[in-house]
Structures are given as C-alpha cells and as structure tokens.
Amino acid sequence: MKNKMPAWLVLTVICVVAAALLAGTNLLTKDVIAENAYRAKYETLGKLMPDATDFEELESGIVVGKDEAGNPVGYSLAAVTQGFGGEVETTVAAGPDGNIQGISVGGSNFAETAGLGARAKEPEFQAQFAGKAAPVALTKDGGEIEALSGATITSRAVIKGVNEAMENIAAEAGFEVESNSTAIHLGEGKYAATAQGFGGPVKVYLTLDDSRAIQEISIGDSQFAETPGLGAAAQEEKFQSQFIGKTIPLTIGDIDALSGATITTNAVLDAINEINSGLDKGLANAAITEEAAPAEEAAPAAEDTTEYQYEGLANGFVGKVKVFLNLDENNAITAIKIGDEDFEETPGVGSKVQEDEFTSQFIGKTLPVTIKDIDGVSGATYSTEAVMRALKQISDSLEQGAEEAAPAEEAAPVEEAAPAEEVEYQYEGLATGYVGKVKVFLNLDENNAITAIKIGDEEFEETPGVGSRVQEEEFTSQFIGKTLPITIKDIDAVSGATYSTEAVMRALKQISDSLGE
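In my numbering, the protein residues as written are 1 to 517.
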C-alpha cells in the first residue's frame, strides 16, 4: 500500500512556496517601485522649479531647489487634504519672493471623480496658481481661483493643500504668508474655528483643559446649512458627545463619522485641528479684548417702558440671550432691546451687545438681518451670534405667518387644458418645504444647463395660493437655460413663500452636488 502525504502537509508546502514566491517578487520589484516614485517626484520638482539644477530635501520634507552656484531658487512641499473621493496630494513650489511658482495635483491615493474632480490634475486648472501669493481662495470665496465646474469640494481640497504647504514653506524660506486661520480665542479655555462643509461653513466651538482635552463642544452657528438627516446630524448630542475627553488634534479614526456625511465630518475635524494649530502658534496667549479700566459709575439709566411687539431667544456664551423688537409695516427695525433680567453674558465682553454702540446699528435695517449687515462685538462672537439667531427666529416667524396667510381670491375656473406630454426626467432632488417635502425634477444638457424642470410630485403639500406657486410657470420658467449650480440670487423668489422657494433651491443644490461629486 502506497504511503500518501497528509493533506495538511501538502497545504503547508503550497503556502510556503507561495509565500516564498511573493517574497521574491516583492524583493525584485520594491526597488523598481521606489525608483519610479523617486524619479516621478523629481520630474515634478524639475517642472515646478525649472531654474534648479540641484535639489536638497530637508528634515521637514521641504525640498530646496538650487542653481549652479548653490543659491536657492525655489522651495517645494506636498500637502495631503481630503477631497470628495479620498486623499488629494498637492505639491507646491514657491519662489524666494513668496509667490507660487506652480502646483501639481495627484498622489497615489487620488480618486476624484473622472471628468469632474479628476480635472484638478489638468494644466488649465493648475496654471491659475502660478504667480499668486498665499493664501489663495476660490472666486466664490472672494479669491482669484476658478473652481472646477461641478467639483467645488475637490477644488477646495487643492486650495487647502496649497495654503498649508505655503505656510510651512514660508517658515523655512523666510518670507511671510498672511494667516488664513479662522481660529479665535474666546477666553477661559474657549475657542472657535470654521471649516467648509458640504452646505456651507461649519463652525465649531470648543472648551479645552490645559492638556487640550475637549470639555465642551458645540457645532454650528447661524450659517450652518448641512443636509437635514445627513450632515445636520453633526449638531446632535450622539455625534458631539464622542468628542468629550478626547485630546486634540484628532483624526477620522478617533471618532465615528456621520453616515453618508464624510464631508461634514471632515469639516468638524478640520475646524478642531485648526484650533490646535492656532494653539501651537500662541493663540492661547492672545488677548480676547483689552480689559478696560472700570469707568466711573454712571447714573442709573432710565427704565425702558417701551412695549415690544416681537421677541426671540438664543443661547449665548453664558446663558440665554433674549432680543425684543418693534418693526414698521416693511419689517424695518424701529426699536430693539437685547437681554432681560436673566441676561448673564460676560461683563465687559459679551455684555457689550446691550450697549448703544452695538444696538443702534440695527435701527432702520429690514429683516432678515445677517452677520454681514452689522459689526459684531470684538471678542464676543458667541454673544453676537446669539443676537443674530434670535433675530432670525423673529424673522422666520414673520415669514411663516406670511406663508400661513389666506390665499388670494379664488380665480374663476379656466377651461381644462389638454394633458401635457409626459417628460422623463434625468435627475431629482428633495428638500423640506413649509408643509412637507418638495421634490424637484430636472433635465440638463451637456453643460449642466437646465432644459426642463418640474417641481413637486403627488405628495406636494405646500400652501395653496402661496407656496404652491413654486409649481407655476411664472416661477419655473426662469430656471430654463440656467447652469447649475444656481443660488437664490439667480432667480426671483415667490413672494410670501420663502420656505417653499428655499426648499426648491436646496433640492437643486442636492442635484448639483451629486453631479459635482
């Protein structure tokens, strides 16, 4: 009887041989891979710093390009940021004068959407940066760089990478870069910073202990506009509570990201880490506001006997901030009072929102009023924004009242028109209106210009004669021919139906964002 080799021994031999082959292949190829990566890196550096004949890499990772005499002719550094599809590596070269010589976008993990974010690797986009001084910004953010059409998230990732790289290069090269940090010190271990989210700016407020462990966190201010049910969950306790006790800086691996809202999650982390960066640069020692010498005690102010028509309430830095208003027939402010007997904002800082210098600037302004319409109290961001949120609460209540108003006189019935030809729509978006969900259907041409639009489906419930007018041709026809993305400034809203109009715009933004990445 023949002896058979045990099955386990056969399997062991196969595994050993396979492992040996893999190890051998790795030994044969790893040097080739490393050499190719090295060659690609220095080919890129040669293109970004054409006057350099030699390169020296410093411990910081910065590469100094030198001429034949050994003089620096440029400095280069790569920065990795979060794009739509993953990591975006941006290599930046700067001249000794502090201007950008050029950039290169890509990296081994680059996975931005083909035809959209992937166009960040094209020369036409990258050429915009040459000759500019940092910090740079997109035109839609007040800068000079045109975003990639339909790929704002990727574009902002490149912008962030350029600014980060330039700030680090500046420290080595000896030129100055104006800080674009949004981090601010609010006093008593409290800080705030803002980062770009999916729907707009995401502001994060932190209270830290001496070891930079998070004691308190609050996410979002009056400009918070992340998607309901997705990014908006960043404001929920379930998400925020996991940050308590963690020491900054943080990475995505330190927390449970919001499902379906990676961009919002990263915005929160970016803002937190910007605070940490600010602390490294001495933010903790920055004065909030110079403490003024106590003034002579003034005679008690006369009691305010004004009867106010409206009031709003919001959380400030210490407690609740109540705002009282009187308005004329055009919703222009005729009188304002900030705070009641429960007002507790910090004396000499947040308490300044009650002073005439701050309150007087509201008189004559028509609701809604935004933070851009007034000068905030220096060093009292929380208190200022509490006032603005309370005003928005009043403004929203007025708009709701308008939308709830009785519809206009019912017109005589018109002859029933023949049913319109049914259109097949390519795209749809959904947002919450005044009464319920507002669905928007679109067809687009190859340039993302709108060729057909339909607002509402069988579940459309906006107020008849008011919000329902977003379905009428007078409103919908103005979208035809317009190219996504579209903002509220590009169209005429339906009078008295702000909620319904904005629901349409949010649904359009949802479609635009899905195209854009």
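Simulated from the structure, these hints should not be mistaken for lab results. The C-beta atom is built at its ideal place from N, Cα and C for all residues, glycine as well. A portion of the hints provided could be inaccurate.
Cβ-Cβ distance ranges computed for the label pairs, FRET-style [stated by the list, open to error]: (1) D396 x A137: 23 to 33 Å; (2) G260 x P347: 43 to 53 Å; (3) D280 x D51: 32 to 42 Å; (4) L398 x A257: 31 to 41 Å; (5) A257 x E446: 42 to 52 Å; (6) P368 x G260: 43 to 53 Å.
The list that follows gives simulated cross-link-like pairs (lysine-lysine, DSS-like), each with its CA atoms no further than 27 Å apart [stated by the list, open to error]: (7) K322 x K437; (8) K437 x K320; (9) K190 x K246; (10) K281 x K337; (11) K140 x K489; (12) K320 x K281; (13) K454 x K439; (14) K47 x K66; (15) K322 x K246; (16) K238 x K482; (17) K437 x K482; (18) K190 x K41; (19) K337 x K132; (20) K482 x K140; (21) K372 x K140.
### Message
Just to be careful, I want the Cα atoms of K437 and K482 compared with a cutoff of 27 Å; is the pair within it?
### Response
At roughly 24 Å apart (the allowed maximum being 27 Å), K482 and K437 satisfy the hint.
### Task
Could you grab the alpha-carbon distance between K482 and K140 and see if it respects the 27 Å cut-off?
Roughly 17 Å separates the two Cα atoms, so the pair holds.
### Query
When you take the CB atoms of L398 and A257, is the distance between them in 31 to 41 Å?
holds, 38 Å
#### Entry: Agreement of K337 and K132 with the hint, judged by alpha carbon distance not exceeding 27 Å
Violated, because 47 Å separates the two Cα atoms, which is more than 27 Å.
### Query
Is the straight-line distance between the alpha-carbon of K322 and that of K246 27 Å or less?
Violated: K322 and K246 sit about 33 Å apart, past 27 Å.
### Task
Would you check the hint for K372 and K140, treating anything up to 27 Å between C-alpha atoms as holding?
holds, 16 Å
### Query
Per the hint of 42 to 52 Å, is the separation of the Cβ atoms of A257 and E446 within bounds?
Violated, since A257 and E446 (Cβ atoms, about 34 Å apart) do not stay within the stated range.
### Query
Are P368 and G260 spaced within 43 to 53 Å by their CB atoms?
violated, 30 Å
### Query
Would the pair K190 and K246 pass a check requiring their Cα atoms to be no farther apart than 27 Å?
Answer holds: K190 to K246 is near 15 Å, not above 27 Å.
### Query
Under the criterion that the straight-line Cα-Cα distance not exceed 27 Å, is the pair K190, K41 satisfied?
Since the Cα atoms of K190 and K41 sit roughly 42 Å apart, the hinted pair is violated (cutoff 27 Å).
#### Entry: C-beta pair D396, A137: status relative to the range 23 to 33 Å that was hinted
holds, 31 Å
### Task
Given the hint that K454 pairs with K439, test it: the Cα-Cα distance must not exceed 27 Å.
This hinted pair holds, its Cα atoms lying about 8 Å apart.
Checked against the numbered hints given earlier, the structure breaks hints 5, 6, 7, 8, 10, 12, 15, 16, 18 and 19 and satisfies all the rest.
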